[in-house]
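Going down the list, the protein sequences come from chains A and B. Count the first sequence with this note's numbering and you get residues 1 to 334, in order. Count the second sequence with this note's numbering and you get residues 1 to 346, in order.
Bear in mind the hints are in silico, worked out from the structure with no lab data behind them. Just so you know, even glycine gets a beta-carbon here, dropped at the ideal spot from N, CA and C. Please note that a few of the clues may not be correct.
As the list claims (entries may be wrong) - Covered stretches of chain A, as calculated for chain B (at least 3 residues, CB under 8 Å): (1) 19-26; (2) 141-148; (3) 164-177; (4) 269-276; (5) 313-325.
To be verified - Sample of chain A residues facing chain B (criterion: CB under 7 Å; computed from the structure): (6) Thr15; (7) Leu137; (8) Val153; (9) Ala310.
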Amino acid sequence: MLRFLVRRTLQLIPTLGGLSILLFIWLQRLPGGPEYALLPDDATAEQRAQLRRSLGLDEPLTVQYLAFLRNILQGDLGTSIQTGRPVVEEFFTRFPATFELAITAMLMAIAVGIPLGYLAARRRGGVLDFAAVGGSLLGICTPVFFLAFILKVIFAERLGLFPSAFRLSPGLNRTDLSGFVVLDGLRTGELDVVWDALMHLALPGLALASIPLAVIVRMTRASVLEVLEEDYVRTADAKGLHRRTVRGRHVLRNAMLPVVTAIGLLTGSLFAGAVLTESVFAFPGVGSFVYGATQTRDYPVLTGFILLIATMYVFINLLVDISYSLLDPRVRAQ
Amino acid sequence: MPTTPSAHNPEGSPVPDAESAGTGGTALLGRKAAKIDRLAELMGPRDEGTHGAGIWRTAFSRLRRSPMAITGAIIVAGFVVVALFAPLLAPYAPTAQTWGDEVFPNQNIFVGPRAENWLGLDNLGRDQFSRMVIGARQTLLVGVVATLVGFGVGALLGGTAGAAATLGGRWGRTIDNAIMRVIDMMLALPTLLLAVTVAALIGPSLTTVMLAVGIAQVPIFARLLRGAMISQGNRDYVLAARALGVRKHKIALTHILPNSLGPVIVQSTLTLATAIIDAAALSYLGLGNPDPSFPEWGTMLADAQRFLSSAPQLAVYPALAIIVTALGFTLLGEAMREALDPKLRK
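One chain only, chain A, in its complex shape (with noise of 0.2 Å):
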């Protein structure tokens, strides 16, 4: 197992150390370089040459990717054009919102997608698996901004049972320990905030669980389909074995390894999906601030996000390996 570990976090560097160069190779081909993107358009050309030497770019591309290196592995990912702030700075100001809305989604995924999907396996042909399939499918095509829109629109604006933008109510009386609203409440026992931060979660969460709750509604049911043909699940049966035993220890563990999968892989693509759901719902987390950066061509806060952005995902990748070989015996040993 410890080897399995180590080999598997060595596995990291190439990956790591490759997006950085993809991401320096991209900061060199910016339209007219940093210096047209850091200065004024009317700067001179003698200001643009001086900032070209103090930012090193006369400097051979490979001593200029080493420094770049060193910034990155020093936390230095530059300044935000748009706030004047550090990038590192404003993206773990903002994480923590991103990361609850993040979670919501993937519970609320998960929470009704693998009993849907089972149910869907086990009453295979039934309405319900008619309509679970149907509706996957229907969820997987509709643009993510579109349903975000339309639940914001029906239930947050006409019938007002949910608030239509930000985190918290303004004018909330909270004690900040750590950004994350919803833990720091319960922390504090502030109930009102908790409950608050939650109704704000709900739309923008549901919106962006859209996606992975209809992937795994079917990649649960393609799973338990397949799992429930297997040779020991007869066998099991066979033998009298209690119902719930078969169905728990044999079909849904062995059932649950694409899907574990699938869910890591999802969490990290939520991210992306954040961009779009924060925008229309304004909530101040990483995917509103990135969709800001658009449009105003922040290069440092693009760069920065998706560098940590895609970190993150490959640790959640890393994640998903270890916690696949703990529930299948058979990965550590290749």
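Position chain B against the provided structure of chain A, taking the given hints into account.
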């Protein structure tokens, strides 16, 4: 795929062999060669019937019976026909603000469906139906080009990696490893962010959307083709070809590759759906085609969001069009996947 043995017959290898064996043995060897050819001829068609075309033929016959596939095919066919003949079907020019004096968005005055404008007018007094029809064209173009980009680059990378891994020996495995690390890196960038990166780099345009969406699909195609090629590489027919001394690049191109394309083709159908949805998302983010003379469903949907509470129909038409088209491609792709999956063949 399989060359019929009779094609070899007139100038194939048996004839020169027989000649070189000398005058005495010619008749005997000639008869033997003819016998073998006859045998191969007898075996040939039957072989083709049960193996070569069999998978595709049974898959097709199952597709014809699947309601999912038929629904998907009808939607896709309808969409393609509308897109191809768009200029003939659209009653008005999509940019003509002919009825501009009847619509006042800031006073919430919109015109719904009526005899001359089947789907009503948009916020600038243009015929919504014509814009939808012309928009189908742009949407099809974006979907097809993006899929081709993803398919082309992905298949090139994945095919090289797969061929190197199965036939290249130690060096091949190194090449495969190097390519797959690059693919893993691309896979680590969430699709939409990758697209946003590309779009931010080359500015908002239709090309941007097509490239961005296409590049985001590259790692999926590459992984899929490589996986299929590696699993095909262990088959007996590859071993047989190697034993016969067929050149490696020929084995990869004419034996392994054609047999590995099934999952990739299925994926292209599904990718068309993803591409249409992703393109809409990019348009919503303001990275789509800024030229108003080419209406596109994604841009129309994004523009209509502003009037969602007063004129929801303006958003609902393009949204429905996107959902139904994507659903059509998805249904067709899923049905194809099921039809080609040997596990489900019972």
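Now the hints, each set against the structure:
| no. | hint | in the structure |
| --- | --- | --- |
| 1 | 19-26 | holds (count 3) |
| 2 | 141-148 | holds (count 6) |
| 3 | 164-177 | violated (count 0) |
| 4 | 269-276 | holds (count 6) |
| 5 | 313-325 | holds (count 3) |
| 6 | Thr15 | holds (6 Å) |
| 7 | Leu137 | holds (6 Å) |
| 8 | Val153 | holds (5 Å) |
| 9 | Ala310 | holds (5 Å) |
The structure fails to meet hint 3 from the earlier list, while all remaining hints are met.
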